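**Student:** Chains as they are written, first to last, in our numbering: chain L, 1 to 104; chain Z, 1 to 189.
Keep in mind that the hints were calculated from the coordinates and are not lab data.
Only a predicted model underlies this, so the values are computations on that prediction, with no experimental measurement involved.
Treat the hints loosely; a few may be bogus.
Facing chain Z, a subset of chain L residues (Cβ under 7 Å, in silico) [as the list claims (entries may be wrong)]: (1) Leu6; (2) Ile9; (3) Ser13; (4) Leu19; (5) Leu20; (6) Val23; (7) Arg24; (8) Asp27; (9) Asn28; (10) Val31; (11) Arg32; (12) Ile33; (13) Pro34.
Subject to a maximum C-alpha distance of 16 Å in a straight line, what follows is the list of computed EDC-like cross-link-like pairs (lysine to aspartate or glutamate) [as the list claims (entries may be wrong)]: (14) Z/Lys125 / L/Glu22; (15) Z/Lys92 / Z/Glu61; (16) Z/Lys125 / L/Glu26.
Non-contacting residues of chain L with respect to chain Z, defined by C-beta distances greater than 10 Å in every case (computed) [what the hints assert, rightly or not]: (17) Ile47; (18) Asn48; (19) Pro49; (20) Tyr50; (21) Trp51; (22) Leu52; (23) Val53; (24) Ala55; (25) Leu58; (26) Gly59; (27) Phe60; (28) Leu62; (29) Gly63; (30) Ile64; (31) Ala65; (32) Ile66.
Backbone N, C-alpha and C fix where the C-beta goes; we use that ideal spot for every residue, glycine too.
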Amino acid sequence: MNDDELKKIEQESTELFALLREVRDEDNVTVRIPPSLPRLNKKSLRINPYWLVAASVLGFVLGIAIPRENRCTSQECTTQFADTGHTTGRSLADGDVNFVLLIK
Amino acid sequence: MRKSIADTLLTLPDAELMQRVGLGNHEAYEVLYERYARRLGGFFLRMLAYDTVKVEDMVQELFTRVWQHRAGYRAAQPFSTWLYAMAYNLCKNDYRHEVVRQSYTAECMLREEPVATTDETIERKEMHRLLRKAVQALPELQRDAFLLHYDEELTVPEVARIVGSPEGTVKSRLAAALTAIKKQMKMNL
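Same shape as in the complex, but just chain Z (with noise of 0.2 Å):
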């Protein structure tokens, strides 16, 4: 029966579960920790410069205010787009952020990496590692929107409204981000 129970909730969307969370169904909320934490999990991983140890925390700080807030949720709004909004205002409430970032790249060249074995995939694997230097190099605001846009895949104006921006600054910076990460690349190619 209570199986049963469990498998519905995995079928029902974000929303709907989170209408039961606000009436403090914790298999509702497990089942949203289930869907979110590893693609949040990542999202700190590369908001926090690969900072392993912070992210573990982070993830459990953000769910832990999502069963705080879960009252002020409100089902007209993408559920991704509030749980991307306070993972966002999370990182910026770091207050390790800057000085991790800012000895990000010493960290990312001592990250170890899967070992690879043949010469396409060391080839590749070298392309992730320069490609998560060069995104790493953004400015600030530029990463955030490039992070949140193409990697989370929330749209423009959903990232405007978490960033706090109007959409064509959004979009200038995500632009800008393109145009850096494909000169870094080129240069390190």
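Isolated chain L, as found in the complex (with noise of 0.2 Å):
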């Protein structure tokens, strides 16, 4: 395409343009818009599954590894679990609920 000829047609379409800047303008004015921008802030806030998933893989190697202290080794620890028929040779440490204590 000539330069010159898209000129002369753009020349011939003054009063068309004057039309398409007032169809464009109402347009503009009257289109709505989000107000503000919600999407954007949920996603800055949306939790990243895979840090969630290394948390709970870190807590489980944590809970495994350190090791426990003040375990219960008194007789009657012993005893209720051996009431429970539990052979695992487990006993309560601190903060651990006995059940079958709170049971009886």
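Now that you have both chains on their own, put them together as the hints suggest.
**Tutor:** So, in structure tokens, the structure goes:
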């Protein structure tokens, strides 16, 4: 396309361009746009699922790796475990709840 | 203090605001949103055959992408061209693009127009309606070039870059679009 050809058509279209601007301005005024950017805000607050999985794995590993201190070695504890029939040899640590004792 | 920072941002050119957005500045980002959202909303409106519901989603999606791809912006390129290129690609990707376009005529007829009071206003409104219809009736590539160049006032090289066609091709499309619209308008008057 020759530049002059397009320029000639454009020069003959001044009325059309005026009308086009009116339509554009009217559209731009009436168009509904979101007042803010909520989706962006939501995205920034969203928890990354990979972090969630990583935190769970870390919690599990730490739970196993850290040795339990102050285990209950009293006769009562071992007796209660013996009563329940558990043979794992695991006794209660501080903070654990012996449900067998609670029920009794 | 905060107000004065916001006032300063309002006076900054787009490229400088984008540099700040690149550093994670939300206020600069909001200034760009205020500056361009309505204009881009109008562009989406015309590109998506006056689907007003879709427009809101598109504006939001566009500005979310601006934030996500802020590191990809280069100051050598005008921000508006970068933004319109993204907006144009969003329109192209829109799955309803063709369907909406094909059903335009019926929707356009039903669209509510502001109430006209005088004969002159009524006539003007009718001209607006006919022009909208004529633009939407253009073949897609002609309409895209027409809207980007004459409505959004991008230069021919910018339009060529956005639509991925040579400048000569864009000029041919513009000339064909102008001729077709004038012919359509004459037929309807």
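**Student:** Hint by hint, note whether the structure agrees.
**Tutor:** Hints and how they fare:
{"no.": "1", "hint": "Leu6", "result": "holds, 5 Å"}
{"no.": "2", "hint": "Ile9", "result": "holds, 5 Å"}
{"no.": "3", "hint": "Ser13", "result": "holds, 6 Å"}
{"no.": "4", "hint": "Leu19", "result": "holds, 6 Å"}
{"no.": "5", "hint": "Leu20", "result": "holds, 6 Å"}
{"no.": "6", "hint": "Val23", "result": "holds, 5 Å"}
{"no.": "7", "hint": "Arg24", "result": "holds, 5 Å"}
{"no.": "8", "hint": "Asp27", "result": "holds, 4 Å"}
{"no.": "9", "hint": "Asn28", "result": "holds, 4 Å"}
{"no.": "10", "hint": "Val31", "result": "holds, 4 Å"}
{"no.": "11", "hint": "Arg32", "result": "holds, 6 Å"}
{"no.": "12", "hint": "Ile33", "result": "holds, 4 Å"}
{"no.": "13", "hint": "Pro34", "result": "holds, 5 Å"}
{"no.": "14", "hint": "Z/Lys125 / L/Glu22", "result": "holds, 10 Å"}
{"no.": "15", "hint": "Z/Lys92 / Z/Glu61", "result": "holds, 14 Å"}
{"no.": "16", "hint": "Z/Lys125 / L/Glu26", "result": "holds, 10 Å"}
{"no.": "17", "hint": "Ile47", "result": "holds, 18 Å"}
{"no.": "18", "hint": "Asn48", "result": "holds, 15 Å"}
{"no.": "19", "hint": "Pro49", "result": "holds, 18 Å"}
{"no.": "20", "hint": "Tyr50", "result": "holds, 18 Å"}
{"no.": "21", "hint": "Trp51", "result": "holds, 19 Å"}
{"no.": "22", "hint": "Leu52", "result": "holds, 21 Å"}
{"no.": "23", "hint": "Val53", "result": "holds, 23 Å"}
{"no.": "24", "hint": "Ala55", "result": "holds, 25 Å"}
{"no.": "25", "hint": "Leu58", "result": "holds, 28 Å"}
{"no.": "26", "hint": "Gly59", "result": "holds, 31 Å"}
{"no.": "27", "hint": "Phe60", "result": "holds, 33 Å"}
{"no.": "28", "hint": "Leu62", "result": "holds, 33 Å"}
{"no.": "29", "hint": "Gly63", "result": "holds, 37 Å"}
{"no.": "30", "hint": "Ile64", "result": "holds, 39 Å"}
{"no.": "31", "hint": "Ala65", "result": "holds, 37 Å"}
{"no.": "32", "hint": "Ile66", "result": "holds, 38 Å"}
Going through the hint list in order, the structure satisfies each hint without exception.
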